[in-house]
Amino acid sequence: MPPILLSLTHFCDKHGPRVVLVTQCYLAEPNTSENDLLLPDYPTDSYCESCLLHFPEVSGVPGDARPVRNMRSRIKGRTFVSTQYSSIRYQLLNSITRKAFSEETMIYDCSPLVFFDDSRGLNLIIGFKLYDENARGNERRYCYILTIDTKDVYNGMNIISDNWNFINCGLKKMIDDIRQSHTQVLNERRLDAKDNGGIDGLTQFAVPYLRANKSKEAKNLVELTNDPLIFFNMHKWNSYMISSLIIRQH
Amino acid sequence: MLGNLLANGNASSGNKLVVGGNNPNGPNALRNFGNLKITKQPGGPNTKHADGAPSTGTVGGLTTEGLSAAATAATTATAHHEFWGRPAMHAPPILDHMADELKFKLLGSKVVPFANTVDTLDSQHTRENSYAFRLLLAEETGQMACRNNFRVSLDYTFSRGSPLERIRTSELKEYIFGSMVRATESLLENDKFRTIPNSDFVLITRIFRFEDFPNRFSISLCIPNSLFSVVSEIWQDITRWLTQTQTIVLGYLERKNSLKKHHEGAFLPLDYSAAFPKDVDKAVQSLQRKLLPCFRSYSEIPRLFLYPDYSIDFVNTWFKDVFSWLEIKDGPKLNFLSTLLASVVLYFKTSLLQSKSTRVVLLSGNMVVANKLIFLVSGILEPRCRAKLDHLITKEEPQFADDHLQPERQKFEYDKHAADVHDDITVTSENSPSSINSKYHTTTKGWEIPKKSTSLRSVSISSDSSGAEVIQPSSLKSGSSSFKYLSSSLSSQPGSYGSWFNKRPTFHDYSSQSPTGGKGNDSWERIPTTLTLNGPLQRTTSSTSLHQVFGRPSGGPSNQTPQQSPSISEYDEYPWFGTPESPRIDSFYSANKKRMPYDVPLKEFNIERDCQKVKQSDLISQAFDSICKSSDSKKDMPDGCEISRENNMSAPVFDVNIDDPHCRDGFLETLPLYTSYLTHFNYWFQVQSIPITPDCDQQIVSAMKRDLMTELFSMTLVVSLRTREIRKLIMKRDVDSEPGCGIKQKNKKIFNNGKYGKISPQFSACISFMDGSFKAAKLVYESKNIDESYRNKRILEIFSSIINYS
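Protein chains in written order, with this note's numbering: chain E, 1 to 250; chain S, 251 to 1056.
Just to be clear, a hint being listed does not mean it is correct.
No farther apart than 35 Å at their CA atoms in a straight line, the calculated lysine-lysine pairs in the DSBU-like style are these [said to hold, decoys possible]:
no., chain 1, residue 1, chain 2, residue 2
1, S, Lys-879, S, Lys-583
2, S, Lys-638, E, Lys-76
3, S, Lys-638, S, Lys-570
4, S, Lys-570, E, Lys-172
5, S, Lys-1008, S, Lys-540
6, S, Lys-638, S, Lys-1028
7, S, Lys-1043, E, Lys-76
8, E, Lys-151, S, Lys-532
9, E, Lys-173, S, Lys-532
10, E, Lys-173, S, Lys-638
11, E, Lys-151, E, Lys-173
Quick caveat, the hints were computed from the structure, so don't treat them as lab data.
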């Protein structure tokens, strides 16, 4: 069974293609440990709000000042870990993310793109975007990526083929949830603005235009959806999906 | 379904396909072929298609009235079947001739939509028809700064005016090569497939390089979007074709490299098809003859749904059909079914799972009987669905879109007082409709599921106001035995006379594409409603004529007169009890003719599916809500979660508790490559039934030889219902020999009309075990003093022991 990863990636205005969250499964291979997937504390200076993974705000371990950097779950005896980046497949994910955002002509309409090569394995990418007047081009672009890290394309393709609808529907389910929350936030904001006697239909279009030369503000997915548990839920859903894919292959 | 037909039909009556070029065999033929143009014509009824098939003013033999009525139906059909985000979907033609009950048994659903994007108006040319496709051969020159940094060397379209032609190459180039930004990994050969935005097409691309040439080359294929989900499943075949085409291009580049002739940074010729027509022809032929049939097979042929082995309704139905088969087909000592199931369990069940070069092929001229046997065989196969069926069953039973077109049918109900008439009724040519009618009374409720008390002894006959006619096969002479004339139309339930009582069909009979009318009648053979409009009812056997299957244009009513059914040979295929040459009815299985508690049709199962996959969007929604919506988003610390520290190296870990909804456990999304009766042998399907033809053996052997091009071993179980023969074909190739060489073939006869070949003691024991299991199940069903739960438990145990026999 090849390693399967699910990641949410983002084209950050400041940092370019970045991984925001990646979920991996520990496959209990020889000479490996579950702890290999866990990240140490890392500086967040190189991240901005839009590409930083937010963990639920919980009090840390007594006597340990370090913040939480890992989410972990167990399903049917397997361990799933979600982190900001992959400790063991850092280069691979960076390369895939670069290809998704920079090399391919991605259309962010939730239709899948599948590609394979020997170095990057088999990947299924679904792109989506969220409206944000503070982002470049007034939109934030994300890609949900399923990676099957294998050189055996037929084996990997069997996994995709056997679960084609599950993978596509499953990823879209999460994306739809994000977009729904985001739309709700936008609607609330518009209503608030109207109540404050500000924006009508015309100025709504004019504002982004007039702001074109102003500096853009980085915004996290938590803020865009107004859901502090968005990454928490994403970790759970990713874990479930990978678990389901693994079980089907056995 | 009719919508597409009508659209095509109307278009074809008014349009004329003009193929450019005078010499179809010349080097320009391909290009001309790829640039079919449609020009408006005054629209005469005798306008010919490019392929020579006449396009009549009427469609499918329907009149204008019929068209308008059918158009309404088509609208409903299109609207009803538009789900899963696919374009208008309808049932595959092969299912038009399958009774609804059999659909439930074999497919798990009455409605199995598929998106047919092939113009199958000319049904006789169905096999030659093809999906719209576009083949591009392009290279990306090294001039990064230049906007036109690519060259399309070949742009071949087969589309008949499809929108595919109108997608600009400059747009396709964006999806093929992407942006100009390059990473070092991109220098590797890579394959990809994706949708083309704002179109209904998918793009499959291979990008490769040649030696130290700076340019990247690409082979791209555009196909309809309805095939998107199939692409990953047949990726092996796709890459084989891509590699073959790539080899052609690389051959050219090698020649070019040896000549050291480079032309302004571009390596491929300006017009590849003009420069190397044979190369292009080879690639296109391979695409049309090998790859596109593969696409069609995977996307259009409905696959079997294998019910969970814990489903008591399924197991009851399976045993019921086993008993019917034993009673009607096998007789007392034939042991055909036991031997067949033993062969499958012992030699093929596991092998079918492990290798695609293992097949089970049933040869029969009778579609319905063959499908019955397919159900029995597939009942013991894997991989079966093990999910909870509740999750898969739709709440509302989907209706066929053309249901409302069906007339208010009358149903003849067998008189309860004449319940035993099946024992002594004599059906001869002297049987007048009135004499038959005298034993029935009519209702105006239309077709309905027989109630328990009358199911066994009722007969449902499609009827209008006129009386039923008894059709007697001309090949049989009356006199020797009255039962002989019942032939294959004899129901598995004695007392049901099925299709021999048929009537002159009306327009409504033709417009109803699904034999829904017989859904309450578990007849072993039913006559399809697709008959000729003109003239009296033809002599028609009870089985579905192959000509009728072929004669159905794009799912619409046939305008062809059914030919003499080739399946007339079915009379020789089965030993009909009551005839001197046939075995006696096995008294063990026919002793109790009362309705059994297991006699419950598989009607409540209505799995939402298409030809290839089972739908699961509800299931995913349920899982999502269970996992992601259960936690309170306002709370910072969800329940069941805690912070822990593994070691000093890693940062604190947030342990998240996940309640696995388990709803997808045992779920089988992509169905196995097992199917029911096909009109032609299909290389890609592992379980199938096909007509007996002179060359069917040759087709099977050819398929096995083709397997050995990639595999070392191929095995097929060939079951002939005509001769009641079971044999095993095995082909092996030496490990060291080249593909196609050093092949050893073995034909092992297992069973031939009651006589066994050389069989092992283990096999013999398995046959005995099957027999014993059937008898044990029969006894359980006939036991009166056991409660239902215990009986179900025992039956499931017996079934489990059959399918897990090793």
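Now the hints, each set against the structure:
Proximity of Lys-879 (chain S) to Lys-583 (chain S) is assessed by CA-CA distance (about 61 Å); at most 35 Å being required, the pair is judged violated. With a C-alpha separation of about 19 Å, the suggested pair Lys-638 (chain S) and Lys-76 (chain E) falls inside the 35 Å cut-off, and the hint holds. Taking the CA atoms of Lys-638 (chain S) and Lys-570 (chain S), the gap is about 23 Å. The hint holds against a cut of 35 Å. With a C-alpha separation of about 43 Å, the suggested pairing of Lys-570 (chain S) with Lys-172 (chain E) is violated against the 35 Å cut-off.
With a CA separation close to 39 Å, the supplied pair Lys-1008 (chain S) and Lys-540 (chain S) exceeds the 35 Å bound. With a C-alpha separation of about 27 Å, the suggested pairing of Lys-638 (chain S) with Lys-1028 (chain S) holds against the 35 Å cut-off. Pair hint Lys-1043 (chain S) plus Lys-76 (chain E) holds up; C-alpha atoms about 29 Å apart against a cutoff of 35 Å. Annotation: proposed proximity of Lys-151 (chain E) to Lys-532 (chain S) holds, straight-line Cα distance about 30 Å (limit 35 Å).
Note on Lys-173 (chain E) and Lys-532 (chain S): the hinted pairing is violated, with a Cα-Cα distance of about 44 Å set against a maximum of 35 Å. Taking the CA atoms of Lys-173 (chain E) and Lys-638 (chain S), the gap is about 22 Å. The hint holds against a cut of 35 Å. Restraint check for Lys-151 (chain E) and Lys-173 (chain E): satisfied, since their Cα atoms lie roughly 29 Å apart, inside the 35 Å limit.
Checked against the numbered hints above, the structure breaks hints 1, 4, 5, 9 and satisfies the rest.
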